[in-house]
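**Q** Sequence:
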Amino acid sequence: MKRSLVIAAGVVAGLALVGVAALPRLVDGYAERQVDKALNDIRVRSTAVANRGAVTVDLGSRTVFVNGITVETPGDAGARVSIDRLAIVRPTSLDERVAAELVRFENLVIAIGNETVRVPAIEVRNYSGPAQGLVSAPGGGDATRTQADIAAGVSAAGASAPLIEMTNARIGVKRQLTGLAFERTDSGVVSRATADKLTVEVPARRSVAKGVQVSTGRQTFHGVSLPAVLRFLAGDGAGQREPAIDRAVIEQVAVTAPTKVGGDVSAGAGRLELEKISIRALLHPAATLELAQDKAQRGEPLTPAETRQQVLFLTDSLRAAAFGRVAAFDAVLEASPPGQDRVSGSAALIELAGYADGALQRVSLRGARAQEDDRSAGFDEANLERIDAGGLLAYAERIGRDEILLTTTPLPEDMLKLFPRLGRANLTNGAWAEGDWALKVGEIRSGARGDAEELPNRAGVRVTNLTMPAPQDRWYSPYLKDAGVERLNLTFRMVASLDPGSQVLTLEGLDYSDPEIADVHVEGTLANVDPALAIERGGAFVDKLSRVALRPIALRVVDHGGVAAAFAAGAKARGSTLEAFRESFTQDAEARLTAVLGPSAQASATALGLFLRGGGKLEATILPRADATLLNLIQLARLGPEGVAQALDVTITSRTN
104 MKRSLVIAAG
114 VVAGLALVGV
124 AALPRLVDGY
134 AERQVDKALN
144 DIRVRSTAVA
154 NRGAVTVDLG
164 SRTVFVNGIT
174 VETPGDAGAR
184 VSIDRLAIVR
194 PTSLDERVAA
204 ELVRFENLVI
214 AIGNETVRVP
224 AIEVRNYSGP
234 AQGLVSAPGG
244 GDATRTQADI
254 AAGVSAAGAS
264 APLIEMTNAR
274 IGVKRQLTGL
284 AFERTDSGVV
294 SRATADKLTV
304 EVPARRSVAK
314 GVQVSTGRQT
324 FHGVSLPAVL
334 RFLAGDGAGQ
344 REPAIDRAVI
354 EQVAVTAPTK
364 VGGDVSAGAG
374 RLELEKISIR
384 ALLHPAATLE
394 LAQDKAQRGE
404 PLTPAETRQQ
414 VLFLTDSLRA
424 AAFGRVAAFD
434 AVLEASPPGQ
444 DRVSGSAALI
454 ELAGYADGAL
464 QRVSLRGARA
474 QEDDRSAGFD
484 EANLERIDAG
494 GLLAYAERIG
504 RDEILLTTTP
514 LPEDMLKLFP
524 RLGRANLTNG
534 AWAEGDWALK
544 VGEIRSGARG
554 DAEELPNRAG
564 VRVTNLTMPA
574 PQDRWYSPYL
584 KDAGVERLNL
594 TFRMVASLDP
604 GSQVLTLEGL
614 DYSDPEIADV
624 HVEGTLANVD
634 PALAIERGGA
644 FVDKLSRVAL
654 RPIALRVVDH
664 GGVAAAFAAG
674 AKARGSTLEA
684 FRESFTQDAE
694 ARLTAVLGPS
704 AQASATALGL
714 FLRGGGKLEA
724 TILPRADATL
734 LNLIQLARLG
744 PEGVAQALDV
754 TITSRTN
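For any residue, its number in this note's numbering is found by taking its place in the sequence shown, counting from 1, and adding 103.
Incorrect hints may appear among the rest.
To be verified - Below, simulated SDA-like cross-link-like pairs (lysine to any residue); rule was C-alpha separation at most 25 Å, straight line: (1) 379 x 340; (2) 300 x 350; (3) 277 x 265; (4) 543 x 594; (5) 720 x 501; (6) 398 x 300; (7) 379 x 298; (8) 543 x 640; (9) 584 x 680; (10) 398 x 381.
As the list claims (entries may be wrong) - Distance windows between CB atoms, simulated: (11) 671 x 478: 52 to 62 Å; (12) 307 x 357: 12 to 22 Å; (13) 568 x 297: 39 to 49 Å; (14) 571 x 294: 48 to 58 Å.
Just so you know, these hints were derived from the structure itself, not from any lab.
Built from N, CA and C at the ideal position, the CB exists for glycine as well.
Hey, can you work out the whole structure from these sequences and the hints?
**A** Structural data, given as structure tokens:
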């Protein structure tokens with residue numbers, strides 16, 4: 104009996120030893136079947152050709168290694184994925200989902216068309232998702248949308264790729280991204296992603312010796328939807344915009360590009376911020392961009408059909424993206440036009456807010472400056488609100504679809520609908536200087552109202568503290584000099600409206616007010632003002648301008664001490680007494696008015712004299728002579744007051760305080 108037990112124990116021990124020896128082969132076989140099942144799922148879902156090399160298992164670390172994976176999609180738009188080695192640490196599977204403590208890709212290469220992406224290593228921590236999510240069929244269109252659906256089921260604690268290289272074999276564009284890292288990902292949405300640096304190199308074109316270079320510093324992204332990004336890459340132009348990035352910050356952006364007109368152009372920003380980015384797939388973006396770059400490199404012009412293709416791609420891009428906010432901090436721009444002085448510009452902040460379908464809610468600029476030789480301009484702040492270029496975008500789309508010839512000039516009535524609409528604008532602390540001449544303005548405000556489909560029919564502007572040197576070459580320059588006025592300091596507002604039906608342009612008010620100088624109010628109308636006048640050119644412009652008829656204009660001036668101050672400054676400049684200078688100036692003005700307008704203006708001359716001598720209130724009515732037109736007035740104005748008097752008659756009344 105004991106002998107039998109010993110024999111039985113020996114047999115069991117022998118079988119156990121055989122089992123232990125066979126265990127690696129059994130585990131390898133099971134792993135192979137699981138890998139083949141995942142690859143077969145890829146074949147069924149996408150008709151792709153999926154292959155692998157050897158599958159091995161390290162029992163000690165519970166790691167499955169799959170070598171030599173390739174997935175290829177058929178057809179002209181086919182693509183290929185190859186992975187030298189895929190390592191899956193501590194894998195588990197349940198309900199066609201795979202979970203793993205760590206997934207590591209070695210030497211991943213993706214080739215789609217002329218594009219090749221190389222990633223030496225990728226690590227994904229605590230992966231959970233469909234088995235085919237680790238290796239899915241590449242390509243555009245439906246293949247990419249399938250990848251997006253798979254990505255929606257992926258979760259992970261994090262992922263990293265130290266280096267990603269992208270090249271285009273046709274046009275030679277190279278891109279390199281370093282230090283990419285993903286944090287927590289749930290259902291395909293990455294909570295936070297970072298990258299250390301991005302560089303882009305575009306080869307030189309035939310017409311320029313240098314290529315384009317783009318670089319950035321650290322990049323941080325929040326709320327990145329991998330399914331939305333993948334659907335954007337489908338390249339089929341299908342679908343609707345969907346949220347893709349909640350917020351992004353990109354540091355140290357720099358671009359250098361050689362141009363034929365501007366010479367070497369460089370631009371940059373200390374920081375870019377983007378918020379609420381929504382996107383949809385573009386239509387054939389790779390082929391369109393490759394065509395444009397290829398033609399540029401060879402110095403060949405685009406054919407009309409290719410030009411329409413580029414126009415349609417541009418308009419499609421403007422439709423495909425929307426954002427809540429894009430801001431550039433510490434932005435700079437420099438250019439070196441051949442044979443000209445270097446041009447430079449900068450802005451502490453450039454901000455665009457609320458963009459979709461060719462319309463922007465707001466554009467803001469802070470601390471903007473521009474310089475060229477001895478010319479400079481700048482302002483502290485500027486804002487544009489409710490900018491709508493939807494009409495222009497729709498017209499460009501029709502050109503791209505070949506519904507309108509490239510050489511067609513829009514009719515004037517159609518052109519008016521193409522102009523971008525601007526709801527409101529303001530500028531503060533602006534300055535323009537050229538040599539010793541300088542103009543400054545404290546504030547400019549403007550606004551417009553009108554149906555979006557028609558010309559805005561009421562516009563207003565307010566200018567505060569506009570200062571500039573007194574003009575030296577105008578007919579009124581001697582009077583300013585006599586009054587001792589060396590610089591003008593003006594604050595005024597203007598409101599005008601246009602009735603497109605009756606074609607009457609009304610100046611509702613041009614007002615200047617200064618409590619220490621005077622209040623000035625001007626109002627009047629012009630008739631036969633065709634709205635198309637704003638966009639006509641050549642003979643058609645002159646024809647429409649010649650029809651604009653003058654109507655009465657009213658002027659009201661209330662003196663608050665400005666008349667006396669002007670005479671005091673003039674007397675000091677001439678070395679004369681105030682009384683003598685004032686009387687001499689007044690008599691000269693009376694005589695000049697009578698000489699210009701004739702004896703019938705004697706009463707007006709007397710009223711003007713009373714105002715100049717004692718201040719008070721002056722009112723003038725400017726009446727056009729028979730059949731006087733705006734064009735006629737412009738031509739006669741070159742002759743000075745004598746010329747103007749041939750088109751206008753003036754009646755002046757005054758009342759002293």
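**Q** Of the numbered hints stated previously, which ones are contradicted by the structure, given in increasing order?
**A** 5, 6, 8, 10, 11
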